[in-house]
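Could you slot chain V onto chain X? The hints should help.
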Amino acid sequence: MSGGSYYVPASSKWPVLASLALGTMMVGTGTLLVFGMGGLPVMVIGLLAVLGVMTLWFRDVIHESRSGLYDAQMDRSFRWGMGWFIFSEVMFFAAFFGTLFYVRTFALPWLDGEGAKGVAALLWPDFTASWPLLEPPGEAVKGPHETFSPWQLPLVNTLILVSSSITLTVAHEALKEGYRDTARHWLGGTVLLGLCFITIQGFEYHEAYTHYGITLQAGIYGATFFLMTGFHGLHVIIGTLILIAILGRVLRGHFTRDDHFAFEAAAWYWHFVDVVWIGLFTFVYVF
Amino acid sequence: MASHLPPKSSTQHSQPASAGVASQAHEAPKGLKRWLLTTNHKEIGTLYLVLSLTMFFVGGLFAMVIRAELFQPGLQLVEPEFFNQMTTMHGLIMIFGAVMPAFVGLANWMVPLQIGAPDMALPRLNNFSFWLLPVAFTLLLSTFFMPGGAPNFGWTSYAPLSTTYSPPSTTFFILSLHMAGISSILGAINIIATILNLRTPGMRLMDMPLFVWTWLITAFLLIAVMPVLAGVITMMLLDINFGTSFFSAAGGGDPVLFQHLFWFFGHPEVYIMILPAFGIVSVIIPTFARKPLFGYASMVYATASIAILSFLVWSHHMFTVGLPLVAELFFMYSTMLIAVPTGVKVFNWVTTLFRGSITFEPPMLFALAFVVLFTIGGFSGLMLAISPADFQYHDTYFVVAHFHYVLVPGAVFAIMAGVYYWLPKWTGHYPNLRLSQWHFWLSVIGVNLTFFPMHFAGLAGMPRRIPDYALQFADFNMVTSLGAFLFGLSQLLFVLVVVLCVRGGEKAPAKAWEGGEDLEWTVPSPAPLHTFETPPDFQPRRH
Numbered sequence: 001m002s003g004g005s006y007y008v009p010a011s012s013k014w015p016v017l018a019s020l021a022l023g024t025m026m027v028g029t030g031t032l033l034v035f036g037m038g039g040l041p042v043m044v045i046g047l048l049a050v051l052g053v054m055t056l057w058f059r060d061v062i063h064e065s066r067s068g069l070y071d072a073q074m075d076r077s078f079r080w081g082m083g084w085f086i087f088s089e090v091m092f093f094a095a096f097f098g099t100l101f102y103v104r105t106f107a108l109p110w111l112d113g114e115g116a117k118g119v120a121a122l123l124w125p126d127f128t129a130s131w132p133l134l135e136p137p138g139e140a141v142k143g144p145h146e147t148f149s150p151w152q153l154p155l156v157n158t159l160i161l162v163s164s165s166i167t168l169t170v171a172h173e174a175l176k177e178g179y180r181d182t183a184r185h186w187l188g189g190t191v192l193l194g195l196c197f198i199t200i201q202g203f204e205y206h207e208a209y210t211h212y213g214i215t216l217q218a219g220i221y222g223a224t225f226f227l228m229t230g231f232h233g234l235h236v237i238i239g240t241l242i243l244i245a246i247l248g249r250v251l252r253g254h255f256t257r258d259d260h261f262a263f264e265a266a267a268w269y270w271h272f273v274d275v276v277w278i279g280l281f282t283f284v285y286v287f
Numbered sequence: 288m289a290s291h292l293p294p295k296s297s298t299q300h301s302q303p304a305s306a307g308v309a310s311q312a313h314e315a316p317k318g319l320k321r322w323l324l325t326t327n328h329k330e331i332g333t334l335y336l337v338l339s340l341t342m343f344f345v346g347g348l349f350a351m352v353i354r355a356e357l358f359q360p361g362l363q364l365v366e367p368e369f370f371n372q373m374t375t376m377h378g379l380i381m382i383f384g385a386v387m388p389a390f391v392g393l394a395n396w397m398v399p400l401q402i403g404a405p406d407m408a409l410p411r412l413n414n415f416s417f418w419l420l421p422v423a424f425t426l427l428l429s430t431f432f433m434p435g436g437a438p439n440f441g442w443t444s445y446a447p448l449s450t451t452y453s454p455p456s457t458t459f460f461i462l463s464l465h466m467a468g469i470s471s472i473l474g475a476i477n478i479i480a481t482i483l484n485l486r487t488p489g490m491r492l493m494d495m496p497l498f499v500w501t502w503l504i505t506a507f508l509l510i511a512v513m514p515v516l517a518g519v520i521t522m523m524l525l526d527i528n529f530g531t532s533f534f535s536a537a538g539g540g541d542p543v544l545f546q547h548l549f550w551f552f553g554h555p556e557v558y559i560m561i562l563p564a565f566g567i568v569s570v571i572i573p574t575f576a577r578k579p580l581f582g583y584a585s586m587v588y589a590t591a592s593i594a595i596l597s598f599l600v601w602s603h604h605m606f607t608v609g610l611p612l613v614a615e616l617f618f619m620y621s622t623m624l625i626a627v628p629t630g631v632k633v634f635n636w637v638t639t640l641f642r643g644s645i646t647f648e649p650p651m652l653f654a655l656a657f658v659v660l661f662t663i664g665g666f667s668g669l670m671l672a673i674s675p676a677d678f679q680y681h682d683t684y685f686v687v688a689h690f691h692y693v694l695v696p697g698a699v700f701a702i703m704a705g706v707y708y709w710l711p712k713w714t715g716h717y718p719n720l721r722l723s724q725w726h727f728w729l730s731v732i733g734v735n736l737t738f739f740p741m742h743f744a745g746l747a748g749m750p751r752r753i754p755d756y757a758l759q760f761a762d763f764n765m766v767t768s769l770g771a772f773l774f775g776l777s778q779l780l781f782v783l784v785v786v787l788c789v790r791g792g793e794k795a796p797a798k799a800w801e802g803g804e805d806l807e808w809t810v811p812s813p814a815p816l817h818t819f820e821t822p823p824d825f826q827p828r829r830h
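These protein sequence lines are chains X and V, in that order. In this text, residue positions in the first sequence follow this note's numbering: the first is 1, and each later residue adds one. In this text, residue positions in the second sequence follow this note's numbering: the first is 288, and each later residue adds one.
Just chain X, same shape as in the assembly:
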């Protein structure tokens, strides 16, 4: 509980600028999607502004932290904050897993005439439900001609991501024991593994489009595939950026053996992204 030293920051220009930057990005994105290429520069400027403001905002926070303004109670606020933020991310992915299970368990069998919901089956009497869905019911929708074997690149990526969680934990343990060099190396290794994952995923997307016919437009299989792996990939990219920032701070000698919540928060996030991948590997690729 409070000893009366809880740090309340003075007024700051970053929040309102962040909001304007995000608004700019949204206006740009909407314009790009609805009205055409004119929105692209606005979107890019907005995105860069978001990243810029976040960097400056975090710089203030890091500065305050290093100046000793934060007490144990503030540390708990950050922990609750990060923990609940990750919970919100869990629910975001839960919506997508729910979608996948709903489509596979209910929507497709019903289209095939199963159960008491035969009406849906009248639309496309010849439709046969299967997963992965290679032949969507509508004639206008061209399904994929083949799907990935989970035991090739997806398995490699699973091993990479699981290893990266291990290397990150080794780095964390090293930091806690005060072996800063060891921490640096293992953290650097984690970043490299993250980059490998992103590269392989990019390669897989290329394969999907060129060889397998798995596209966003290829019916519900392609849609769920890209939705789930795409948002996961985005989170790996964000996680890798966070780890790079943390690596930069370790290289500058930030963090002590028992005061390094930023490191821990990044690790929590990374492990979360890892766990999501296990779910994806299981339900998107294997089963």
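Derived from the structure by calculation, the hints contain no laboratory data. Bear in mind that the values here come from a model prediction, so they are computed numbers and not experimental data. Using N, Cα and C, we set each Cβ at its ideal position, and we do this for glycine too. Just to be clear, a hint being listed does not mean it is correct.
[What the hints assert, rightly or not] With a Cα cut of at most 25 Å, we get these calculated DSS-like pairs of lysine-lysine:
#1 X/K13 x V/K320
#2 V/K798 x X/K13
#3 V/K798 x V/K578
[What the hints assert, rightly or not] Looking from chain V toward chain X, a few residues come up when the C-beta cut is under 8 Å (computed):
#4 P360
#5 F415
#6 V422
#7 L426
#8 A511
#9 D541
#10 L544
#11 H691
Okay, now just chain V, sitting in the frame of chain X:
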């Protein structure tokens, strides 16, 4: 220990400078910059409340257009397309722009004051949460000026109306809703961190005022379901712009999937808009009955039960969509279960009143009206929960009557009760008694004239979301429209009361209400910009 807080004004430099960077004496910015850059929970709370009041009138204006068109049968004032935009935007603005920000504003002001915290746990994030909203709503309202007009598919945005057949502005609507969603999630994280971490020493969870408890649970609901909304509208965005087929059966998707995902968000969202109202009423009734709340612990457990059940009832919005029988039954019974904890709450409010020394100040008037009128909305909810009966009520004005009873004399009355209750703390003045009473009675009459006849129109079969109707509904609709105009105009009185109260009025002492026992009544009225810089002493009350 010395505080790191910036001095309030140039005349108050007396705080000793503590070690290190902390002592840099920040000059608080003046004028517009003060509001743009603030990290103070009271200023941010005020910003939220002002935004909410503004949006209440924007959404109210849309409602007036709807009621003017429906005053008589036949098409008179607006095109059907524009009418659809009005119903859609009325819902969106009232939910995301008026009710939710009002509760967040009240939480910003009162949660730190009620738990003895110096501010919110993450003050800059708090400011970010607020300033996302004006940007989001500017973007949302700008859709009126786009080709094809604003979203016209109802706030529930059912596919394929919201995808295949939607106006081009739908993409902007999705993006603005993303911003409002980020604001809600970050705001909720802040409130949870504040409640869990910044309570004054000695205040256990079961000592917290119920407003704080209900907000803790509401914040959990927000963090759990706003991301689901973000997910489902993202899938809409992809269906519209990238040719995916999540909600299109031709590609193997399912439009009903949209409804499942939407209502998995949407039902807890309903409780997000009512649980803080329960909290407000649960602190006001004991104050003016001059008795401790009856059944404090059962109130907490009932709130938690409602929150948990809210995840298990979503398909009662979809009884007629073609669910398997087992789903109809499950969602019917689970929905009825919610009546149990809700009944516990109503019982406790009434029992708190029993043999109390009751006085009827404006906050109490609104709180009592809440108990009666919200209960009416609860009962019509029970009727709707009966799946076979719902086949008759579905998409009629009966549904409109039901959810307006829980949202207007429910949520909105509770917000107004809260504003009247805490205005003395915010401004240092009591609101003008006579004007407040006029506002209350006109609102009560207006609200019932508006929404009660809708029950009959709905039971007789009048569908919702139509600009014209069969002649036999004419009388009900005229009464409803007259009531709506009365209610709308009476809210100008509310603005007058608030403005007058800010500018002057009878001075309020620290303990503005005789029966007020929570920590906010120990700080001066008006509350100084910074309170509880050192945690206050707290003696748990016996509940």
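**Broken hints, by number** = 2, 4 and 11
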